[in-house]
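Student: So the chains spell out like this:
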Amino acid sequence: MARDSARVALLVGTRKGAFIFHSDASRRQWRLDGPHFLGNIIHHMVLDPRDGQTILMAAQTGHLGPTVFRSTDWGKSWKEASAPPAFEKVEETAGGDKKPRAVDHVFWLTPGHSGYPGTWLAGTSPPGLFRSEDGGATWKGIPGFNDGLIHKIAAAVGDVPGGALLHSILIDPRDASHLYIGISTGGIFESLDAGASWKALNKGVAADFIPTPDPEYGHDPHQVALHPSRPDRLYHQNHCGMYRLDRPSDTWDRIGKNMPREIGDIGFPIVLHPRDPDTVWVFPMDGTTVWPRTSPDGRPATYRTRDAGKSWERQDKGLPERNAWFTVKRQAFSSDAHEPVGLYFGTTSGEVWASDDEGGSWRSIASHLPEIFSVEAGARPQ
Amino acid sequence: MKVLIPPPLHSYTGGASRADLEGSTLDGVMRSLDARYPGIRFRIIDEQDRVRPHIKLFVNAKLAADLGAPVRPEDEIQIICALSGG
Numbered sequence: 001m002a003r004d005s006a007r008v009a010l011l012v013g014t015r016k017g018a019f020i021f022h023s024d025a026s027r028r029q030w031r032l033d034g035p036h037f038l039g040n041i042i043h044h045m046v047l048d049p050r051d052g053q054t055i056l057m058a059a060q061t062g063h064l065g066p067t068v069f070r071s072t073d074w075g076k077s078w079k080e081a082s083a084p085p086a087f088e089k090v091e092e093t094a095g096g097d098k099k100p101r102a103v104d105h106v107f108w109l110t111p112g113h114s115g116y117p118g119t120w121l122a123g124t125s126p127p128g129l130f131r132s133e134d135g136g137a138t139w140k141g142i143p144g145f146n147d148g149l150i151h152k153i154a155a156a157v158g159d160v161p162g163g164a165l166l167h168s169i170l171i172d173p174r175d176a177s178h179l180y181i182g183i184s185t186g187g188i189f190e191s192l193d194a195g196a197s198w199k200a201l202n203k204g205v206a207a208d209f210i211p212t213p214d215p216e217y218g219h220d221p222h223q224v225a226l227h228p229s230r231p232d233r234l235y236h237q238n239h240c241g242m243y244r245l246d247r248p249s250d251t252w253d254r255i256g257k258n259m260p261r262e263i264g265d266i267g268f269p270i271v272l273h274p275r276d277p278d279t280v281w282v283f284p285m286d287g288t289t290v291w292p293r294t295s296p297d298g299r300p301a302t303y304r305t306r307d308a309g310k311s312w313e314r315q316d317k318g319l320p321e322r323n324a325w326f327t328v329k330r331q332a333f334s335s336d337a338h339e340p341v342g343l344y345f346g347t348t349s350g351e352v353w354a355s356d357d358e359g360g361s362w363r364s365i366a367s368h369l370p371e372i373f374s375v376e377a378g379a380r381p382q
Numbered sequence: 001m002k003v004l005i006p007p008p009l010h011s012y013t014g015g016a017s018r019a020d021l022e023g024s025t026l027d028g029v030m031r032s033l034d035a036r037y038p039g040i041r042f043r044i045i046d047e048q049d050r051v052r053p054h055i056k057l058f059v060n061a062k063l064a065a066d067l068g069a070p071v072r073p074e075d076e077i078q079i080i081c082a083l084s085g086g
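Protein sequence lines, in the order shown, are assigned to chains A and B.
Take the first sequence: its letter number 230 is residue 230 in my numbering, and every next letter is one higher.
Take the second sequence: its letter number 86 is residue 86 in my numbering, and every next letter is one higher.
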């Protein structure tokens, strides 16, 4: 395949700060910039593909409350949101149906629809959905979720130790009002009216930790992805397997059943090929017994399907052959848009791995970083 | 009154570790602090007006029960980042 020339930036969020890796045009040499906000917990850091220069970062510290920082000069300077995501003040009353909630941290950031520059969406823990219309400077809650759907879900699934998360905020490129979200734990939901109302989208998805057989919601999607050139195709990695959905169907197909039995189909992230809707990567982890959440048998590998999940191939060239007990969190595996596609993942043990041949081979480009929460690839100006 | 500000919040104060502020309640003083250093209050107090779990507010070296506690001009308020974990 013809190789294009590309400079890539990797935005890496860790338990102890943020790092930006800049590649050369071959994507073989990388320059480390950082840490930014050393000691801060960085849950997500995302480049706005609409302007190619705005970066938003979701941050908190062990002591201080959550916030969002914004840079328009590739991290040379940062400005804090003047009104970070926050729930409405609620006066707790006896018998009141609304409990006062506070954002513990911003977990997920999604740039808005291409037709609405400067808009962003954010997901929080506990689950909240927020929108910014000024490039991340100020945020407002979306009432259809924060005052509506979440109360219904919370009543059904109860409190989640450590806090449930709202993630995978997906926008249909054909229709800015058509949204999908994932809640872990809670399930996948769809809105056709920009978040005013929501419908569960969990048919066919296993939830073997819930006593009710085939519940409407309460599932545990770990990451959901929508293909940019075929938006009616979605994939998702769940606590209970890997799935594909081709709309208008509303029933997910468990494509993870085609994974090798000894590997299983449990993991956190799922990454789509930017052009081929049939090609997907996952990073399986051990979800047996007490859920070690490590690479199965200590032998890390990505798995790729090129036929929409009918078959999977192991990709481990260059990765440790044994005794590597890390895993990759849901925001910590991403792709660039080049030819061939570059893949990047960050590990819970603080390593960044890169492949410039679509997973055919891997090499470590950084080690000894703090635990990695997120890795997002963005295009650098040429 | 004097407000002592711990290092994790010095990014808001330009490095200052104390501020002289006015207010008749602890909440009023925290709002004065935010007026001087925008954004600092939300890092200390959540949107339900609760002091965050790993922060403590002391008035004259005594733990304040709530933000409604009255304060006097001669009081000293200390913001503490509570130790937790290893």
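Treat the hints as calculated values from the structure; they're not laboratory data.
Heads up, some of the hints might be wrong.
Stated by the list, open to error - Over the 12 Å line for every Cβ pair with chain A, so calculated as not near, a few chain B residues:
hint, residue
1, ARG18
2, GLU22
3, GLY39
4, ALA82
To be verified - Cross-link-like lysine-lysine pairs, in silico, DSSO-like; alpha carbons within 30 Å at most:
hint, chain 1, residue 1, chain 2, residue 2
5, A, LYS98, B, LYS56
6, B, LYS56, A, LYS16
7, B, LYS56, A, LYS99
8, A, LYS16, A, LYS98
All C-beta atoms, glycine included, are put in the ideal place defined by N, C-alpha and C.
Student: Now tell me, hint by hint, if it's right for this structure.
Tutor: Here is how each hint holds up against the structure:
1. ARG18: ARG18 of chain B is indeed farther than 12 Å from all Cβ atoms of chain A, at 19 Å.
2. GLU22: Holds, since 23 Å exceeds 12 Å.
3. GLY39: For GLY39 of chain B, whose nearest Cβ neighbour in chain A is about 5 Å away, the distance does not exceed 12 Å, so it is violated.
4. ALA82: Contrary to the label, ALA82 of chain B does not stay out of reach of chain A, its closest Cβ about 7 Å off (not over 12 Å).
5. A:LYS98 - B:LYS56: Holds, because 27 Å separates the two Cα atoms, which is no more than 30 Å.
6. B:LYS56 - A:LYS16: 23 Å, holds
7. B:LYS56 - A:LYS99: Given pair LYS56 of chain B, LYS99 of chain A holds - Cα atoms ~23 Å apart, limit 30 Å.
8. A:LYS16 - A:LYS98: 34 Å, violated
Checked against the numbered hints given earlier, the structure breaks hints 3, 4 and 8 and satisfies all the rest.
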